[in-house]
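Enquirer: Here are the chains, one letter per residue:
2 protein chains.
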Amino acid sequence: MNITIDVNNFMMEQIGEEHGLRRPELNGLVPRVRSIHAGLQEARKNGAIGFYDLPQQDITGVQQAADAIAEKFDTLVVLGIGGSSLGPRALMSALRHPLHNMLDREKRGKRPRIFFLDNVDPDSHQALLDILDLKTTCFSAISKSGTTAETNAQFLIFVDRLKKELGDKWTEHLVLTTDRKKGNFRKIADDEGIQNFEIPGNVGGRFSVYTPVGLLPAAVAGIDISALLAGASAMAERCQSDDLWENPAYLNAACHYLMDVRKGKTMAVMMSYSDGLLNVADWFRQLWAESLGKRKSIEGKDVFVGPTPIKALGVTDQHSQLQLYAEGPNNKVFNILRVEEFNQSLAIPKGYDDMPDIAYLSGHDMGELLRAERDATMFSLTRRQRPNCSITLPKVTEETVGQLLYMLEVQTAVSGGLYNIDPFDQPGVEMSKQFTYGLLGRQGFEEKKQEMDSTKPGKDDLVL
Amino acid sequence: MNITIDVNNFMMEQIGEEHGLRRPELNGLVPRVRSIHAGLQEARKNGAIGFYDLPQQDITGVQQAADAIAEKFDTLVVLGIGGSSLGPRALMSALRHPLHNMLDREKRGKRPRIFFLDNVDPDSHQALLDILDLKTTCFSAISKSGTTAETNAQFLIFVDRLKKELGDKWTEHLVLTTDRKKGNFRKIADDEGIQNFEIPGNVGGRFSVYTPVGLLPAAVAGIDISALLAGASAMAERCQSDDLWENPAYLNAACHYLMDVRKGKTMAVMMSYSDGLLNVADWFRQLWAESLGKRKSIEGKDVFVGPTPIKALGVTDQHSQLQLYAEGPNNKVFNILRVEEFNQSLAIPKGYDDMPDIAYLSGHDMGELLRAERDATMFSLTRRQRPNCSITLPKVTEETVGQLLYMLEVQTAVSGGLYNIDPFDQPGVEMSKQFTYGLLGRQGFEEKKQEMDSTKPGKDDLVL
Chain A
18 MNITIDVNNF
28 MMEQIGEEHG
38 LRRPELNGLV
48 PRVRSIHAGL
58 QEARKNGAIG
68 FYDLPQQDIT
78 GVQQAADAIA
88 EKFDTLVVLG
98 IGGSSLGPRA
108 LMSALRHPLH
118 NMLDREKRGK
128 RPRIFFLDNV
138 DPDSHQALLD
148 ILDLKTTCFS
158 AISKSGTTAE
168 TNAQFLIFVD
178 RLKKELGDKW
188 TEHLVLTTDR
198 KKGNFRKIAD
208 DEGIQNFEIP
218 GNVGGRFSVY
228 TPVGLLPAAV
238 AGIDISALLA
248 GASAMAERCQ
258 SDDLWENPAY
268 LNAACHYLMD
278 VRKGKTMAVM
288 MSYSDGLLNV
298 ADWFRQLWAE
308 SLGKRKSIEG
318 KDVFVGPTPI
328 KALGVTDQHS
338 QLQLYAEGPN
348 NKVFNILRVE
358 EFNQSLAIPK
368 GYDDMPDIAY
378 LSGHDMGELL
388 RAERDATMFS
398 LTRRQRPNCS
408 ITLPKVTEET
418 VGQLLYMLEV
428 QTAVSGGLYN
438 IDPFDQPGVE
448 MSKQFTYGLL
458 GRQGFEEKKQ
468 EMDSTKPGKD
478 DLVL
Chain B
18 MNITIDVNNF
28 MMEQIGEEHG
38 LRRPELNGLV
48 PRVRSIHAGL
58 QEARKNGAIG
68 FYDLPQQDIT
78 GVQQAADAIA
88 EKFDTLVVLG
98 IGGSSLGPRA
108 LMSALRHPLH
118 NMLDREKRGK
128 RPRIFFLDNV
138 DPDSHQALLD
148 ILDLKTTCFS
158 AISKSGTTAE
168 TNAQFLIFVD
178 RLKKELGDKW
188 TEHLVLTTDR
198 KKGNFRKIAD
208 DEGIQNFEIP
218 GNVGGRFSVY
228 TPVGLLPAAV
238 AGIDISALLA
248 GASAMAERCQ
258 SDDLWENPAY
268 LNAACHYLMD
278 VRKGKTMAVM
288 MSYSDGLLNV
298 ADWFRQLWAE
308 SLGKRKSIEG
318 KDVFVGPTPI
328 KALGVTDQHS
338 QLQLYAEGPN
348 NKVFNILRVE
358 EFNQSLAIPK
368 GYDDMPDIAY
378 LSGHDMGELL
388 RAERDATMFS
398 LTRRQRPNCS
408 ITLPKVTEET
418 VGQLLYMLEV
428 QTAVSGGLYN
438 IDPFDQPGVE
448 MSKQFTYGLL
458 GRQGFEEKKQ
468 EMDSTKPGKD
478 DLVL
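Just so you know, the sequences run in chain order A and B.
Count the first sequence with the working numbering and you get residues 18 to 481, in order.
Count the second sequence with the working numbering and you get residues 18 to 481, in order.
Rather than coming from a laboratory, the hints here were simulated on the basis of the structure.
Among the hints, a few may not be true.
Stated by the list, open to error - Taking lysine-lysine pairs in the DSS-like style, the calculated list, with each CA pair at most 25 Å apart, reads:
1. B:LYS124 - B:LYS152
2. B:LYS124 - A:LYS152
3. B:LYS367 - A:LYS152
4. A:LYS450 - A:LYS313
5. A:LYS124 - B:LYS152
As the list claims (entries may be wrong) - What the simulated footprint calls covered on chain A by chain B, stretch by stretch (three residues with Cβ under 8 Å from a Cβ of chain B suffice, anywhere in the stretch; the number is not a length):
6. 133-142
7. 332-343
8. 379-386
Glycine is no exception: its CB is placed at the ideal position from the N, C-alpha and C atoms.
Generate coordinates for the entire structure from the input sequences, incorporating the hints supplied.
Expert: As C-alpha cells, then:
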C-alpha cells in the first residue's frame, strides 16, 4: 500500500493565475533540486547526515529490550522534550488504540501504558505521580546531548523517587537513550550500569523518530517497528530520483517553497482528517519550523526565512478555523492528510425522518461523513483559490505511517536546500537558554541576569 | 486576584522603530475605539449581543441539574463541535486534575469522568464505546441550531445505542442544550421530554462558554461555576471604560490590530506556559479566527482580513517552534500566558554535582524552572525585536480563568470593529457544507455533486 501526494490544487489550472503555480515555474527548479539532491547524497555518503539510512538498521536489540520492558512493567514514562517526545507520540497516536492508557492490560495486548512528560509544569508531573505505582513503572529518559534542562530536571526528580522507593533496584527501572559516545547521560549509563540505547551522532532530535528515540517506546507499546521501517524503506526507494517530477518529497517541497517565496503563502497548515494522525502534524511542526526557520543563509547572510507550520484537525477545525481559511487573507497553503479507510466502521442509524437536517445522514457511515466533509472542504478551498494539496494514506498502518514520516523528512531536507539554509542546525534557541541559566543563578551566567534586570520597563508602564 | 496584561514589549522603546508601536499610533485609535465601544454597548442594550451579560445570569438550575447528573452517572460524554466543545474543554483542562478521567471516583471528588467527542472519526468513537458502560453514562448533545451535521450523526448513533441498551429509559441518559425556541433539538426535547438547557438566541457558539454549553459540563465535573462567573463579572467591570488606555481588552485589541495591519505581523501566537491553559489557547483560536477572518467589510466590500491565531505550549515548544519564532521572518506577535504560582510545588533534588549541566538545577522548583525559561524566552524575543505581550494569572483558579475568557471575548468584539467587519457571523463555512450535502446525496444538492465531479483534474495529473 503506497501513500500518494496530489498537488493539482496548487496549480493555476485549478486556482487561477494570481495564486496558482505554473508548470514552467516548477520546471525552473529542476536543476536546483538536482544539485541539492547531489549535495545531500554526498553528505549522506560521507556520514554527515544519518537519517536517510535508519530504515536499514538492525532492530533486534531494540525489539528484545522492548519486549522485556513490556513483560516486566505496567507503565512506561518517557522523559524527553522536542524530538524526544514528538516522534514516539506521533507513532502512538496513529498506531495504538486512541484510549490505550485507559484500557486494562489484557485489552492493551499486555503492553504497558505509555505516558509522555514533555514539559516542566509541576501540576502535570504531580498529576502523573498521583496515579503511578513506581514498582511497576519504567522511566525512559531521552536526551542526545545530556544537557537538556527539562529532561535533566525530570531525571533528578524521578531518580530520587526511584531510589527512595526501590533502593538499589532503581537502575532497573530506568532506560537512557543518548549519544553513542559523549554527554552526561552516556557517562551516567556507563557509570551506573543503566540499560541504554544510542542515537547516532549524525541524526538530530527532530530526525530521530527511526532511532531508538521513536522505536523503543513504539515497540514497548506493541507497534510493529519492523513494518514501520519497511514502510520507510519503501519510501526511501521512491525518493531516490533527483527529478522533482518523479520524487513525491521533492515535488511537495518545490511546491511549498514556491508558494511561500513567490505567492506569499507564509503559513503551511497541515490538516489531518484523522484524530490519530493529528500528532503527525505536531511532529511535522517541529521538523518544518526548526529546520527551515533560519536567520542566516548558507553563506552567512541575514535572510530570516521559513514558512510557519500550523497543525489543524479535520473536521473539527471546520468549526473553528475554516472561516478564516476560506475568507481571510489568502496567505496559507493547506496540506490535507487523507485516510481512505478507517479501522472501524460505524453506521449512522435511521431516525427522525421528518427532520431533513438529520434524516440525510442516516444510512451513511461515520467515515463516509468525514470523507465527504474533507473532500467538500478541499473543493471549497480550491473554489476560493486557496492552494491546497493532499497526502493520502489508503489506511493508517505501520507501513503507511512509516512512508509518511520518511517522506516528510526527505521533503524537509531538500527544502533546506531550496531556502539555501542549513536544515540541520538550530542556533536560535541558544539565547533563551543562556538567560534561563542567568535567572537560575548558574555559575558563569551572572551577566545575563544583570542584562535582564537592567532593561525592564518601569513598573507602571503599559500594564493593566 | 486580578489578571494583568503587559504590552510593553509591543512598543518601540523595547523592540525598536521598525517593529515596535509608538504611543501616538495607539492614541490615534482612541476615538475609533470609543465609537466602536458605543456601538457595541448599543447592540448590547437592544439585545443584539448577548455574551456581555452572561455573568449576571441565575445559575441555580444548571448547578442543580449538574449535581443530579454527577450523583447519578459515572461518565458524561459531551457531543458537540466548535464552540460546543472548545469552551468546556478549556475549563476542564484549566480547572480539573490533569488526569481527571484516569482517577477513581473518590479521587475525582465523586464527580463523573468527562469525555468530549468533537469529530466524526469512527476510530475515536469506537474507542470510546470500548470503555463506556452505557448504564452509567449520560450524553450531553449540544447544538444551537440543531443542524450541525457532526452532532446530529453522533446523536443518531448514541440514541440508537441507548434505546437498545436501556429501552424506555433512554431519555434519562440524555441532555440537550440548544436554542430557546427553535430548531430540531428544541423540538426533540419538547416532543420526547428530554432534559434540556437553553442557549440564548443572541449568543453565538464561540461566545457561549458562559451559557450552559460551558457551565453544565464544568459544573458536572465539580468546577465552581459561581466563582467562574464572579471572575467574569470582575473583568466586565474592568472593561467598562471606553478608553483604550484603561481597558485591558481594548488595549490588547488595539496593539494586536496595529501589529497586523501596520507592521505585517499576520500571525498571533498564544503561547501558554501552563499545560492546563493550552486549551484556553485552543478556545481562543476559534474565537479569534472565526470572528475576525472575514472577506467582507461592514459595507460589503472585499477586504479579506484577519490575523491567524496559533496555539503554542511553553516550555515544550521552545524545543519545536522557538527556532522559527526567534530567527524566522518577523511576522508574528506572541501572547504569553503566564502563571505566577502553580498548584503544586515540586522540588528538583540534588544529584550529579559533578555535572554542571545537571547540578545547577538542584534546589530549584519545577515551577521556578518553567518561569525562568518563560521570562528568558520573552526577553530573548524582545532582544530580537519580536513583539510580545503577556497575560499573567496570579494562579489558575475559577476566578482568574473567568476573567481571562471574558477579557478575550471583549477583546474580540472590539477587534471586529477595528477591522471593520462583523465579528459575530461566519458566512465562509457554508460552501463546504453544501458540497458535503451534495456528496452525501442530500435532496436538493445534486448540482453541487455534479459541480465537483466536473472539475476534477485528470487521473494522472500531479499525483505521485
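Enquirer: So which hints don't hold here, by number, going up?
Expert: none
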